[in-house]
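Enquirer: So the sequence lines, in the order shown, correspond to chains R and W. If you want the numbering used here, it's the 1-based position in the first sequence plus 166. If you want the numbering used here, it's the 1-based position in the second sequence plus 166.
Keep in mind that the hints were calculated from the coordinates and are not lab data. Since we're looking at a predicted model, the values are computed, not measured. Incorrect hints may have been included.
Any copy will do: because identical chains look the same in the list, a pair fits if it lies in one copy or spans two.
[To be verified] With a straight-line Cα cutoff of 30 Å, these simulated DSSO-like cross-link-like pairs (lysine-lysine) come out:
hint, residue 1, residue 2
1, LYS214, LYS347
2, LYS328, LYS186
3, LYS299, LYS323
4, LYS325, LYS347
5, LYS299, LYS328
6, LYS328, LYS214
7, LYS179, LYS299
Protein chains: 2
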Amino acid sequence: MDALEALTLSLSKLPGIGRKSARRIAFYLLKTDNRYNELLASQISSLKEKIRECRICGTYCEGEICPICDNPRRDRSQICVVEHSSDSISIENTGEFHGLYHVLHGTISPLDGIGPQDLSINSLLNRCDGTVKEVIIATNATVEGDTTALYLISLLKEKNIKVSRLASGLPVGGDLEYIDKMTISRSFRGRIEF
Amino acid sequence: MDALEALTLSLSKLPGIGRKSARRIAFYLLKTDNRYNELLASQISSLKEKIRECRICGTYCEGEICPICDNPRRDRSQICVVEHSSDSISIENTGEFHGLYHVLHGTISPLDGIGPQDLSINSLLNRCDGTVKEVIIATNATVEGDTTALYLISLLKEKNIKVSRLASGLPVGGDLEYIDKMTISRSFRGRIEF
């Protein structure tokens with residue numbers, strides 16, 4: 167196997183990259199400026215030493231505390247709870263939310279042997295001191311995401327905190343003809359009265 | 167911009183990788199084994215020093231001469247002419263061709279200022295000594311690919327060599343409903359009588 171095939175094989179392990187895409191990328195890398203290749207290579211090899219999880223909320227960041235937790239202008243009365251360190255970034259990119267985040271690092275999943283004790287739930291409860299007025303649960307609309315949400319709701323209600331869950335239903339721009347049955351069912355069950 | 171954003175930006179420059187895919191890959195790289203990241207990074211940074219163009223045919227390979235030109239069991243009476251160093255590999259992967267390759271390094275394209283003198287055409291003619299019985303032209307079915315093919319055909323016919331061109335028409339598995347007009351037109355014009 168030569169260097170080109172070896173690189174193609176490594177690239178094809180990346181998510182969303184099949185053999186053809188991997189080959190196209192490898193051919194592209196044979197034509198790009200050396201500086202781009204060097205930069206990309208060094209960014210890949212140094213990524214895991216530079217990026218850590220925020221000590222407070224678990225979001226990916228450089229340094230011990232993420233820019234969001236570190237920003238005094240954030241609304242500290244709201245915490246948005248997500249499954250994974252990457253989810254905070256997806257939500258933050260919408261510009262919709264101005265509070266703080268909390269990463270659970272997974273969901274309750276008995277089939278996988280993951281229980282509440284394996285997630286960052288205690289640290290969430292500890293953060294819910296008097297300053298927090300609303301917890302927005304942004305776990306995925308999946309069986310595990312729903313289970314985790316219900317569990318958190320029961321815990322947080324005891325603390326007399328307002329708890330909400332992101333709406334689930336028809337995606338923007340989607341066509342009913344192509345949307346899966348379960349999403350349509352959920353949209354029905356969650357219908358809003360005007 | 168932190169290390170995660172910087173890597174996402176670099177990844178999004180790769181062909182077929184948009185911002186969302188780039189971000190997905192960056193998140194994936196935060197979770198993979200360090201050894202994978204190190205391997206991928208070193209394969210990317212060493213690619214251009216290890217892979218060169220074969221001195222004889224121009225195909226990408228390690229070393230001066232590619233395994234195909236170097237293989238005495240290849241059919242030396244056939245040369246398959248392609249536009250780019252990557253095309254030989256695409257064809258070789260089909261297992262359909264057992265001869266040798268020749269890379270032109272482009273196509274005749276007056277609008278881009280590329281003429282026959284800018285391509286590896288003389289070296290092709292030099293290779294067509296008495297041993298070569300057929301030249302198969304595998305340039306793309308584009309205006310430039312066609313132009314280049316016609317030019318080569320006129321030169322090679324003078325040498326009394328059999329010249330053929332890859333068939334162009336309906337792609338395998340395609341549905342007429344979705345195939346573009348020009349491809350369908352070409353399929354008509356190139357129809358085969360039974």
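Enquirer: It remains to establish, for every hint, whether it holds in the given structure.
Expert: How the hints compare with the structure:
no. : hint               : in the structure
1   : LYS214 with LYS347 : neither (39 Å within a copy, 49 Å between copies)
2   : LYS328 with LYS186 : neither (49 Å within a copy, 32 Å between copies)
3   : LYS299 with LYS323 : within (11 Å within a copy, 84 Å between copies)
4   : LYS325 with LYS347 : neither (36 Å within a copy, 65 Å between copies)
5   : LYS299 with LYS328 : within (6 Å within a copy, 82 Å between copies)
6   : LYS328 with LYS214 : neither (36 Å within a copy, 57 Å between copies)
7   : LYS179 with LYS299 : neither (43 Å within a copy, 42 Å between copies)
Consistency note: the structure conflicts with the earlier hints numbered 1, 2, 4, 6 and 7.
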